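Student: From first to last, the protein sequence lines stand for chains Y and V.
Everything in the first sequence is counted per the numbering used here, starting at 1 for the first residue and increasing by one.
Everything in the second sequence is counted per the numbering used here, starting at 1 for the first residue and increasing by one.
These are calculated hints, taken from the structure and not from any lab test.
Wrong hints could be hidden among the right ones.
Said to hold, decoys possible - Below 27 Å or equal to it, Euclidean Cα-Cα: the simulated DSS-like pairs (lysine-lysine) are:
(1) K199/Y with K336/V
(2) K336/V with K3/Y
(3) K28/Y with K336/V
(4) K28/Y with K144/V
(5) K142/V with K28/Y
(6) K336/V with K196/Y
(7) K3/Y with K144/V
(8) K36/Y with K203/Y
As the structure is a computational prediction, the values presented were derived from the model and not from experiment.
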Amino acid sequence: MSKEEVRLFIGPQHPGVTGNMSVEVLLKGDTITWAKTHIGYLHRGFEKLMERRIYIKSFPLVCRICVPEPDTNEENFARGLEELAGIEIPERAKWIRTLVLELSRLQMFIMWYGGIAGSMGLSTPVQWGIGDRDYILDLFEELTGGRIYHIYIMPGGVRKDLPEGFEERVLKLMDIIEQRLPEYDEIIMENAVVQKRLKGLAKIPRDWVDEMGITGPVARACGFPYDVRKDHPYEAYPYLDFDVITEDGCDAWAMLLVRRREIDLSINLIRQIIEKMPKGEFLARLPNVLYWKIPPGETYVKSEATRGEFGYYMVSDGSDKPRRVHVNGPSFVHGITLLERLLVGQNIADVAPIMVSLQTCPPEMER
Amino acid sequence: MVWVVIKVVVIFTWALVTVLYITLLERKESALIQDRIGANRAEVLGLRLNGLFQPFADALKMFFKEDYTPPFVDRPFYLAAPLLALIFALVPVGAIPVADSLNLGGKEFSLSVIGSNVGVVLVLSLLSLGIYGVILGGYGSKNKYGLVGGMRATAQVISYEVALGLSLVGVLLVFPSLNLNEIVHMQNRYVLGGWVPLWGIILQPLAAALFLIAGMAENKRVPFDLPEGESEIIGYFLEYSGMKFGMFFVADFVEVLLLAGLFTTFFLGGYNPPYLFQDGFHFPWGGTWLLSPVWIRLIQFITFNIKLWIMVWFLLLIRWTYPRYRFDQLMDLGWKSLIPLSIFNIIITSGVMAVIK
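Same shape as in the complex, but just chain V:
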C-alpha cells in the first residue's frame, strides 16, 4: 500500500513537473522559431536562469486569477468539464512504463502506477473518455462558439480514435502483448550482428507515422487544433477563466506528454537505451558493462526522459510550423487516408507474420 502511494506521488509529480517544463519548452522553442527571446523574466532570489522558473510563475498566476463563472452557464456540466479533461488525461500517464519492474526479495515491483496486463486497452479507453471534458465544456458554457468547438472536438476525436486504435493493431501483431512493459521488453532484440535494435519504428514505420498523426489529432494540437482554432471559433474553453481554464490548459500539455510517452513506448524501444539488458550493457563490439539493478532502473528512467523530450520537441516543432486544417479536410484525412492506410498496414503485417511463421 505504502509502495503504491509512493509510486502515485512520485510518478504524478514527475508528470506534472514535466508538463510544466513542456510549457516552457513550447515558449522557448516557439521563440527560437519566431526570432524572439521568449520568457526570461521570472526571478527567484535574484536568479533568472533564462526563464527556468517561468512555469512556476505561470502556475501561480493561474491559481490566483479571478475564477469567474458566468451566470448563464449550466453549472454542473460547466464545473465538471475541466476536472474530467484533466483526470482522463492524467490517469493514462500512470500506465506508461518509465522503468523496468524491480525484483526485490523474489517479488516483482512494477515501477509504473498501473502495471496492468491490459495497459494498451486501458490507455486507449481512458484517452477516448477524455473527450467528455471537451464536450461538456463546450455544451455547459452555453456559448455558440463553445458549442461549435465542442462539436468539432467530438467528431474529430471519435474519427481519429479509430485510426489510432487500428495503427496500434499492427504493433500488437509484431509484439503480441497488451502489457506495455512486455512490449518494451520485446523491442530489446537486435539484428544485423546485434547492431540494430528491433524497435517498433523499424518494424512498423507506417504504423508509427499513422500513430503520430492520429495522436496529434487526438490531443487537438496544430495542425489539428480545430476545437480551439483561435482565429476561427476561439475554442470550447471560451467561458472559462482562472484555474478552470488552467486545468484545460494543463490537460492539453499532459496529452502531449502522454502522446510522446506512448510513442516512445510503442516505437522507440521504451525506457531501454540500445544494448542495455537485464544485467547491464552488452555492446555489439564485444564490450560489456555490468551494472546493479537499481543503477539499471535509473539509466532506464533517464533514457525514457530523453526519448520523451525528443518526441515532445518534435511535436512542438510541428505545432509551430503548420497551419490548421479545415474541418472537411480533416475528416477527409482521417477517414479517407489514415484509416485505409492503417487497415493496409494490418493486412501487410499479418501477411508477413503468417509467411514467417
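Chain Y extracted, bound-state conformation:
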C-alpha cells in the first residue's frame, strides 16, 4: 500500500454489496488497485449440521443456502437422496418439480433484472421487479404454503399435487409478465446511460472460464454453450424443447442480455411444461422417513441454478444420517476468485454493478 492509496472496506453493511460480505479495496483516486473479498459474516455451518440430522430434517436447511432461490437446493438434495436410496420417482412429480424450478428461476431473474439497474442508482425497475416477483410468490404460496422457503420437494416426489386450476393461473401470470417486460426493456436496455455503464464493463478473458470453472450465465455470456439443463438433463428437461442461450460480449452487457433472454426462455419452458404435464401419482411410496436407513454409497448431483452450476456431493455410510454433504455453489468462484481479479483497475463506482452482474450470493459461499 503506497502513500497515495486509501484502504476502504466495502461491506459487510453496504447498500451496494449483494449480501453480507465485504470487499477490501485499495483506492488510488477513484481506481481500485487491489481487491480482497472477506466472507464469514454469514457462516451457519449447514454442511456440518446436516451430518447430525436425519435426511428429511435437512430440507429446511438446504433451502436456506441461497435465500432467493431455495428450490434448486431442495431439488438437488432430494435427487441425491433418491440416487443413494435407489428410488424411482413418478413421472408427474418430475414435471411438477421442473415447473417449480422454472418458476423459481423466473422470479429470481425478474428480481435480478431490476437489481442490475438498482446497482447503478436507478431504483424504479427494482420496485417493479420486486412487485412482479410477488405475483410468482403468490403462486408459490398457493402451491406450497410458503412464499420464500417452500420445502415442497420431497424425496420421492413432491409434497402435494397441484391445486385445482393452478395451471391456468400460471399461464395467465405468464401473459401478464410478458406484457410487463417491454416496459423493463425500455427503461433498462434502451437507456443510454445503462448502455454506457455496462458495455465493456467487467470484461472477462475467455480462457478464465475454463481455468476458474465459471458457469451459468457468466460463462454463456462468454460464448460457452454450457447449460446443465441441456448437457446433463435432469427431471423433465430432456422432454423440453429449448436452445442454450449464448452471447459473445463477455462483459456485463452480454451478461445482461443473456439473463434477459433467460427470462423469455423460462416463460417458454413453463408454458411447455404445463402443456406436456402428464397425470398420475406425485409421490413414490417411501419407507418411514424418520427411520430411513440409506444404503452406503456416494453421489454427485448437479443442476442449473440462476447463477450457474449447483452441485451436491453426498456420502452415506448406511445410517439414517449422511456421512458428508458438500455443497458446491457457483458464487464461490464468481464472488471470490473472479470478483477479486475483475475489480482491479475498475472504478469504485463499478463495484456494485460488477457484483450484481456476477450474481454473487454470499450465503451460498459459506455453507
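Please arrange chain V on chain Y, whose structure you already have, making use of the hints.
Tutor: Chain V only, in chain Y's frame:
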C-alpha cells in the same frame, strides 16, 4: 426597512414551503412511476388528504431525531458544513423574480428580495459557493467514504460550473442585461403576428438544454448524483444525523427549486404568462382584458409557480428514470460535450446577432 423584512419573510417562507412540497411531489411521483401509492398516512385532525401533511411530519421527524456528533470528526468544519450548504442554496432564491416590481406613488418596489442589477452574476457566484458545504462536510466527517464523496462533488461542480456559465452567455447575448427582472421583461415580446412569445427556449434552445443538464449536475441529482451515489459511496453526509442531515437534505431540494426557478426565468418567460403586458392581457386575436397592477402581480406570481412546478416535475421525472453516470463518463460529458457545445452556441449566437445588427 419594514418592506424588506416583509419580503424576506414572505419569499423565504414561500421557498421553504415549496421545498417541503417538492419532497412530497418527489415521493408521490416516484410512487406513481414505481407502481406504489406513496406516503399517505400523515394525519391531522383525522384528515389525511392523501398525504398532504406528510412534509410537515417529515420536518418534525428531522427536528426531533437524535443529533449525534461522532467523536472523531473535525468539529468546526463538521458543524459549519450543513449551515453553509443550506445558506448558499437558499440565498440565491431571493434573487429570482417571482413577480414584476410594483410602482407605488412614483417609487419602484422590487418584489424579489435581492432586486440587484447584477442578479445573474450574484446567483452564479452564490451557486458555486454552495460547494463549500459539501467539501467541508466530506472532509470534516473524517470518513473515507465521505471524503471520496466530497472530492467527487468538488470536481463535478467545478467542471459543470463552467458549462453552466457558458450556456448563460448565449442567453445574455440575446437579452443584454444582468438584471433578472429585465431579462424577464425582454422575453415578453411576440413574433409571427403576435402569437409566439420570444422566450429564451425559443431563441436559445441549445443553451436551454445545456443549462438544464449542467444545472442538474450542479445540484448533484440523478443522473449526476455521484457525490451521494447510494450504491457506491453512500455520500458526503454519511456521518450526519438529525437536523444536520436535514439541512443537507433541504439544501438539495432548495437547489431543485433554484434550478427550476432559474430555468423559468431565463428560458420560459419568467413570471409572465403569454400575452400579459403592463396593463393587462392583449390577445393576438384582438381581445384585451385590462387589469389593475396588483391583480397583474398576483397572476404573475401564480404563473411563476405553475411554470416552476412543471420544471420541478420534469426534473424529478429524470431523477427516477435514469441511472447514474460513472465519474470518468461524467467528466467526459462535461468537458468534451457540454463545454464545446456551449462555446459553439456562443459563436453561432454572436454571429447571428452581428448579422442582424
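Student: Each hint: holds or not?
Tutor: How the hints compare with the structure:
Distance hint between K199/Y and K336/V is fulfilled; the C-alpha atoms sit about 20 Å from each other, no more than 27 Å. Proximity of K336/V to K3/Y is assessed by CA-CA distance (about 31 Å); at most 27 Å being required, the pair is judged violated. Proposed proximity of K28/Y and K336/V is supported: the alpha carbons are some 24 Å apart, at most 27 Å. A C-alpha spacing of about 12 Å is found between K28/Y and K144/V, which places the hinted pair at or below 27 Å, so the restraint holds.
Our distance criterion of 27 Å between C-alpha atoms is met by K142/V and K28/Y, whose separation comes to about 18 Å. Taken as a hint, the K336/V and K196/Y pair is honoured in the structure, with Cα atoms around 16 Å apart against an allowance of 27 Å. Restraint check: the Cα-Cα separation between K3/Y and K144/V comes to about 15 Å, which is no more than 27 Å; the hinted pair holds. Distance check on the hinted pair: K36/Y and K203/Y sit about 19 Å apart at the alpha-carbon level, within 27 Å; holds.
Checked against the numbered hints above, the structure violates only hint 2.
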